[in-house]
Each structure stands twice: as C-alpha cells, then as structure tokens.
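Whole structure, please, built from the sequences with the hints as guidance.
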Amino acid sequence: MIETEAPLSLILFSGTDDKLSAAAVLAVGAAAMGRPVNVFLQYYAVEAFRSDRIHADHGVALEASIAQAKQVAAYPGQHWSELLRQAKELGDVKIHACALSMEMFHLEKCDLDPIVDDVEGVAAFMTDASGPITFI
Amino acid sequence: MIETEAPLSLILFSGTDDKLSAAAVLAVGAAAMGRPVNVFLQYYAVEAFRSDRIHADHGVALEASIAQAKQVAAYPGQHWSELLRQAKELGDVKIHACALSMEMFHLEKCDLDPIVDDVEGVAAFMTDASGPITFI
Amino acid sequence: MIETEAPLSLILFSGTDDKLSAAAVLAVGAAAMGRPVNVFLQYYAVEAFRSDRIHADHGVALEASIAQAKQVAAYPGQHWSELLRQAKELGDVKIHACALSMEMFHLEKCDLDPIVDDVEGVAAFMTDASGPITFI
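If you read the sequences in order, they're chains A, B and C. Following the working numbering, the numbering of the first sequence begins with 1081 at its first residue and continues without gaps. Following the working numbering, the numbering of the second sequence begins with 1081 at its first residue and continues without gaps. Following the working numbering, the numbering of the third sequence begins with 1081 at its first residue and continues without gaps.
I should point out that these hints are in silico values taken from the structure, not numbers from a laboratory. Possibly wrong hints are sitting among the right ones.
Stated by the list, open to error - To spell it out: a stretch of chain C is covered by chain B in this simulated footprint if at least three of its residues, at any positions, have a beta carbon under 8 Å from a beta carbon of chain B; those stretches are:
hint	region
1	1103-1109
2	1115-1126
3	1139-1149
4	1162-1175
5	1203-1213
Don't be surprised by glycine CBs; every beta carbon is placed ideally from N, CA and C.
This is the structure in structure tokens:
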C-alpha cells in the first residue's frame, strides 16, 4: 500500500487564481502531513509566478458565473503565494519552473518570484516525481 | 507495486456536466473494481451539487465547439448524479464537500443533495487521501 | 514506496493543443524512464485525434491571453502527435479511445489517427490503470 508520506507531485498548468489557490491549499495540507511536495510550473502557471505580476488579478476559471467570480474574489483567504510560502516553511516543498515553458514565454529565472526554487526540464522533474502526478 | 485496490481520490473543481460525467464514470469503474473512492468537492463542483440545481444544465467545458456541445447534450447516458449514486451502492464511495468552498459560496450542508456525505476541511480529506490525487 | 517504474495513466479530456502538448511531453518523459504509459482519450481529446484533423489548429486553453496564445503558437516545438509517436517508439505506451466518447461523437476506430491503438471502455482502461490517474 502507499504510505502516508508518499510525495505529492503537482503540475500546475493553469494560471487562474482559483486553481492556484486550490493547489496551494493542497500543498499546505500535504506538507503538514509530512509529505514531500514537488510543484512543476508549466504554461500559464509560470507567468502567474512572475515577480512583477504575482499579486495581480489572474482571474478565475472561465466556467465561473459572474456571481461565482464575485464570491471567489470576496473570500478573505490568504493569497496562494503566501500559502505556498507557508507550505515551504512547514515541510519539504520545492517549486520548479518548466524550462520549455520559460523559453516559450521568454522568461529568465530572475523574472520569477523567489518562491520558485529553480528551472528544470521535464526529465529532471520526473526523476523526482517518480510516482503519481496531479495535474491542475 | 501499487495494488489493484488502491483508493481513488478525486478532487472535483469544475462544475460542468461533461467533467462531472467523466468523474462519475471513473468513480463507478473504480467502485466496481473494489477500489475505495474519496471524492472532494471544491469551487464550482460544490455548487453543482446544490439540491436545488443538481439536475439543472451546468454547461460544458468552454473549449467545446457548438457542434460538440450539442453532441454531448444529445448523448442519452445517465446523469452524473445517478452514476455517483450507483457507485455508492456498488462500493466504498464517499463524497465530501470542501469546508472552505462551502464558506466561499455561503452554503450549508442542508443546501446540498443528500448524495454528499459531509463537509470537511482539506486536512481531513488528505488524511483519507494519503496516496495519489486526481484533480478534475 | 512507489517504484520508479510505476505506470503513468493519463486521461486526456481536453482537446486544446497546449494541454495535449503538456501531456505528450509527460508521456515522452515517462517512457524514457521506463515507465509504462496508458493514455485514455475522452471527450474533446478524442476529436483532436481524428485523422482528418490531428494537425489542425486545436486552439489553446481559454484562459490564455492573446499575447500568451501567440507565444504558444510561435514556439517551434514538435507537434504533440509527433511526440506521442516518439514516446511509443521509446517505451511501452498505449493510446486508447474511450468507447463512450466515440459513441457520443459518432466516431469509428477508422476515423482516428493510427497512433490510437484501440477503442475500449472505462472498465478495461481501469484494469490497466489500477494505480494513480492523471486527468488532463
């Protein structure tokens, strides 16, 4: 059987605030339980971690109704970047930016918030994430 | 190696009928194979389980073309809520609503269809879902 | 603990080029590491594998800004179908189309690109994918 300390490997593809919040809450929960967490940022998620935009409004999933979008925005929870910072303090949480997506959006490591540990290729990510992968 | 009876932990984030149907079919398949299933409802999926709206039209993914949306709607399969009910009869299937999302949308347990077992926090969900997580 | 050679089971639901590319890169990475890969095509992903449309423009996630969509389109990487072909040459990679989705879109096996191995039901897929499932 899978042990409680099985690593949680998250690929973040979407860059909207609702999905990033859901992912951050998962990372905090896993870290609190002693599970190592590997986060791999791809596509629109990478751009959401740009240091000049990380606190900007990244919108919500397009399926949200206007009423739902308002309720999500009005919810007084912590920002997902703050939750991820806490997850990193709580446990073994690493955040990697996908090298290919960085190239796609013409980004360098220094363009990203320092919460991102490094830039790596898919092969390196999958060496760490040798088990299950959650795609968000 | 992972055993056949490994639990299937599903986080439902999206509230469109196509994704909820895909999730329900997975839950039925897993239950039929004797896998325990933990479902955690977040964001737009929680609202889709409101007892006053569960059979309403929840739309499809926004990437669907008009032709595709028509074909999905015309398909004479069972409603996802009915499939989930069957999954619960077949095996060990639990459906939890995320406490944080309930608060976000100002919902109480009694607002949800009785197919939902309870409201719980992420920490409680992750105690059950100590292994892989599928995010839909 | 989960072994390095744990199978990677991917359910492809979305049919946009960005998500299909992310999935294909994952499949190549897993195959290169000796992990068996099971791909199950549902909904809009099935239609993307139609032999008469596989190289057509399938768009990107609707959350992409116009600038992002342009950067994704301008990136000179290989087409996802070519990456999947390479993954199949590298390792044990099988691509199955979901029988229910085929029926929904009135498709036959011969309508799909030969890269798709067969059409099967969810039960058959889950017999292979007895472990973790990544939903994309």
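Each hint, compared with the structure:
no., hint, result
1, 1103-1109, "violated (count 0)"
2, 1115-1126, "holds (count 3)"
3, 1139-1149, "holds (count 3)"
4, 1162-1175, "violated (count 0)"
5, 1203-1213, "holds (count 8)"
Of the numbered hints listed earlier, those contradicted by the structure are 1, 4.
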